[in-house]
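Asker: Each chain, written out:
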Amino acid sequence: MVDYLQFVLAPQVITGLALGVAVILVALGLTIIFGLLDVINMSHGEFYALGAFIAFGLGSVGLPFWVLLVLVPLIMLPIGYIIERGLIQRVFHSHERHVTTLLLTFGLGLVLEDAFRLAFGPNPHKPEAPIQGAIEVIGIYLPLYRLFLIGIGSLVIVGVALVIYRTRLGAMVRAAAFDRHMAASLGVPVQRVYAGAFAFGVALAGLAGVLLAPIYSIFPTMGRDFILLAFTVVIVGGMGSIAGAVIAGLFLTQVQAISSLYISPVWADPIVFGIMVAMLMVRPQCLFGRLGHG
Amino acid sequence: MTNILKTTLWATLLSATAMTAATAADPIKIGVVTPLSGTYAGIGQQVRWGLELATKEVNAAGGIMGRPVELVFEDEEANPSVAVQKAEKLFQVGKVDFLTGTVNSGSTLAVGQLAERAGKLIATTVSFADSITADKCSPNVFRVNARAGQQSAALAVWLAKEKPQAKVFYLGPDYEMGRSTVAAFKASAEKVGASTVGEVFAPLDAKDYTQCVGQVRAARPQVLYTSVAGNDTVRLLSQMQEFGLLNNLTIVGASGTVTAQNLSAIGKAAEGFVTGVGYSAEIDTPENKKFVTAFKAANKNDPDLYGADSYGLIYAYKAAVEKAKSTETEKVRTAMRDLKWDTPQGEKTLRAGDHQAVQTMYVVRVTGGQFKIVGQVKGEDGIGPDACTRF
Numbered sequence: 047m048v049d050y051l052q053f054v055l056a057p058q059v060i061t062g063l064a065l066g067v068a069v070i071l072v073a074l075g076l077t078i079i080f081g082l083l084d085v086i087n088m089s090h091g092e093f094y095a096l097g098a099f100i101a102f103g104l105g106s107v108g109l110p111f112w113v114l115l116v117l118v119p120l121i122m123l124p125i126g127y128i129i130e131r132g133l134i135q136r137v138f139h140s141h142e143r144h145v146t147t148l149l150l151t152f153g154l155g156l157v158l159e160d161a162f163r164l165a166f167g168p169n170p171h172k173p174e175a176p177i178q179g180a181i182e183v184i185g186i187y188l189p190l191y192r193l194f195l196i197g198i199g200s201l202v203i204v205g206v207a208l209v210i211y212r213t214r215l216g217a218m219v220r221a222a223a224f225d226r227h228m229a230a231s232l233g234v235p236v237q238r239v240y241a242g243a244f245a246f247g248v249a250l251a252g253l254a255g256v257l258l259a260p261i262y263s264i265f266p267t268m269g270r271d272f273i274l275l276a277f278t279v280v281i282v283g284g285m286g287s288i289a290g291a292v293i294a295g296l297f298l299t300q301v302q303a304i305s306s307l308y309i310s311p312v313w314a315d316p317i318v319f320g321i322m323v324a325m326l327m328v329r330p331q332c333l334f335g336r337l338g339h340g
Numbered sequence: 050m051t052n053i054l055k056t057t058l059w060a061t062l063l064s065a066t067a068m069t070a071a072t073a074a075d076p077i078k079i080g081v082v083t084p085l086s087g088t089y090a091g092i093g094q095q096v097r098w099g100l101e102l103a104t105k106e107v108n109a110a111g112g113i114m115g116r117p118v119e120l121v122f123e124d125e126e127a128n129p130s131v132a133v134q135k136a137e138k139l140f141q142v143g144k145v146d147f148l149t150g151t152v153n154s155g156s157t158l159a160v161g162q163l164a165e166r167a168g169k170l171i172a173t174t175v176s177f178a179d180s181i182t183a184d185k186c187s188p189n190v191f192r193v194n195a196r197a198g199q200q201s202a203a204l205a206v207w208l209a210k211e212k213p214q215a216k217v218f219y220l221g222p223d224y225e226m227g228r229s230t231v232a233a234f235k236a237s238a239e240k241v242g243a244s245t246v247g248e249v250f251a252p253l254d255a256k257d258y259t260q261c262v263g264q265v266r267a268a269r270p271q272v273l274y275t276s277v278a279g280n281d282t283v284r285l286l287s288q289m290q291e292f293g294l295l296n297n298l299t300i301v302g303a304s305g306t307v308t309a310q311n312l313s314a315i316g317k318a319a320e321g322f323v324t325g326v327g328y329s330a331e332i333d334t335p336e337n338k339k340f341v342t343a344f345k346a347a348n349k350n351d352p353d354l355y356g357a358d359s360y361g362l363i364y365a366y367k368a369a370v371e372k373a374k375s376t377e378t379e380k381v382r383t384a385m386r387d388l389k390w391d392t393p394q395g396e397k398t399l400r401a402g403d404h405q406a407v408q409t410m411y412v413v414r415v416t417g418g419q420f421k422i423v424g425q426v427k428g429e430d431g432i433g434p435d436a437c438t439r440f
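Residue numbers (the numbering used here), protein chains in the order written: chain A, 47 to 340; chain B, 50 to 440.
Any given hint could turn out to be false.
Stated by the list, open to error - Pulled from the structure, derived: some chain A residues nowhere near chain B, Cβ distances all over 12 Å:
hint: 1; residue: V69
hint: 2; residue: G108
hint: 3; residue: A230
What the hints assert, rightly or not - Quick look at which bits of chain B chain A covers, simulated, 3 or more residues with Cβ under 8 Å:
hint: 4; region: 251-258
hint: 5; region: 261-271
hint: 6; region: 289-298
hint: 7; region: 314-321
Claimed, not checked - Derived CB-CB ranges, DEER-like:
hint: 8; chain 1: B; residue 1: Y224; chain 2: A; residue 2: V323; range: 37 to 45 Å
hint: 9; chain 1: A; residue 1: P316; chain 2: B; residue 2: G293; range: 30 to 38 Å
hint: 10; chain 1: B; residue 1: N297; chain 2: A; residue 2: A161; range: 40 to 48 Å
Honestly, the hints are just simulated from the structure, not real lab data.
If you're wondering where the values come from, they're calculated on a predicted model, not measured in any experiment.
Where is the CB? At the ideal position from N, CA and C, for every residue including glycine.
Take the sequences, apply the hints, and build the full model.
Answerer: Below, the structure is given as structure tokens:
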């Protein structure tokens, strides 16, 4: 019994927490982009992969992990900005915005995935974790890198929330999300806010890619790994809600982590999707309202 | 008038038939339906290199019964329905005498059924699924490579010697291949005295193996058997290393678990991994050294098991045709049954009862980032009973 607690249950809660933080990082970008632009970004998983591949490419020419952690999101920013202005804005004002942007980003994801395969080959790569080793607390074995991931992920999440809810920039973003015509007439540069928010979401995905590569390895189709779970988190949390994404992210990953101990791990995904379906049936607005509305 | 026309027609037809009948210098055509593009292109490449090298050698030494061998390649894209189309084309239009190259077990089974209808013989040099030479065996299908059962039997024999009475934990991917490999190895291992302390099946493409890691830790096994493959192995082994589990645990697995494709990504976590295989470039015999040197000179790459088994097939076919003194299906089939021939990995025998090659099996371990041979198991100890009831 004690064995079970020490070796199985407690580490599982901690690794579930690490996974939760990772999923929230991916979901945050997704939910900001949806909340503000009303765009379902189907290529978000590939931006996560792009971050990991850029880090892998730069890492193999000798840049240390700690530099990449800052550099990769900075590289992702202009990439996201250009994609928003160059591609998404072109179909954004169509009557069927949801369909056109969904198809556009889906296609972009496919192109990126094949580009990774051409550039880096189909085989997986795995960077060494920058922090090796583990600590043992009352018999519970905790790898240091996972603890580091929980710590830095929490900092980023709190930082994002502060920017959105406590700064003038965040106020402009929320205003643009609430009513873009009113915001524009009050002098908010809505076009640039949109592109900037998209770039910010993409940079968060890239940061998640850098952080998670030492645990989950790098390969062309890695973008599909988190995207379904991240979408579920965004939907359960309330499309476009930051607090919702955090709470749903932590809750759903714990459900996955703990349930997979008692029933076959294969059922972890169906359970999470089942929760999403139940949520949509019982409370269609889900946990929280949209960005700018609550 | 009509009669004259009929006679001329018959005469033309007859002479045409006479012209197509094999003369001494006509090439023997071997069709190769193998993946030259897509996920399995790397395997198809080895198949091609192996077959081409052997064909070149055979032709330089005077061919088969004085007739040169000609290979006709078609890309099957590792897709059974494409494989069937391409095989049909080779049988009907290409008029090949024999066919090989299929990689995917589904392709081999499908092309085998086609061969039965077309009255031709095929051989696979790659497919692992036991069923091809067991419950789904075909009188027209031969397999010259070792099947999955031979690999796990070899591993079990090694386990019994190195870790007698070992406590074993099983971890497989949750689908047909994973469940069948775990069941097969469990049966082999328990037969030689190992005990089972737990088993868990993780979803294919699982992100996190941590729940499995916890269960492995709590069960305190001495040996972990796994049959995950590809990138799943990268995650499983590196996460086990992250949780400090690799220190006193021997990891053994299926031959597809750690391969040249994922070995470098797994890195240090792959050290000590043990598996059973039918071929390794490390085999220390003059025949194999000669083969490896020739293969490297021709292709700038080391041969792997697919290249070696494909190379060996051409010599099996040569021996069978020379024994049968014909390329006719019936005669070659009879000649291939219980055929013994020499390959880079030693003498192989095609068992008459199920058309499965019996061969020495090797146990290899990852040492310093490379596979090294740590043991071998005689063919008859690894082959298992003949489970084919169709012929």
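Asker: If a hint holds in the structure, say so; if it doesn't, say that too.
Answerer: Quick rundown of the hints versus the structure:
| no. | hint | in the structure |
| --- | --- | --- |
| 1 | V69 | violated, 10 Å |
| 2 | G108 | holds, 18 Å |
| 3 | A230 | holds, 42 Å |
| 4 | 251-258 | holds (count 6) |
| 5 | 261-271 | holds (count 6) |
| 6 | 289-298 | holds (count 3) |
| 7 | 314-321 | holds (count 3) |
| 8 | B:Y224 x A:V323: 37 to 45 Å | violated, 25 Å |
| 9 | A:P316 x B:G293: 30 to 38 Å | holds, 32 Å |
| 10 | B:N297 x A:A161: 40 to 48 Å | holds, 43 Å |
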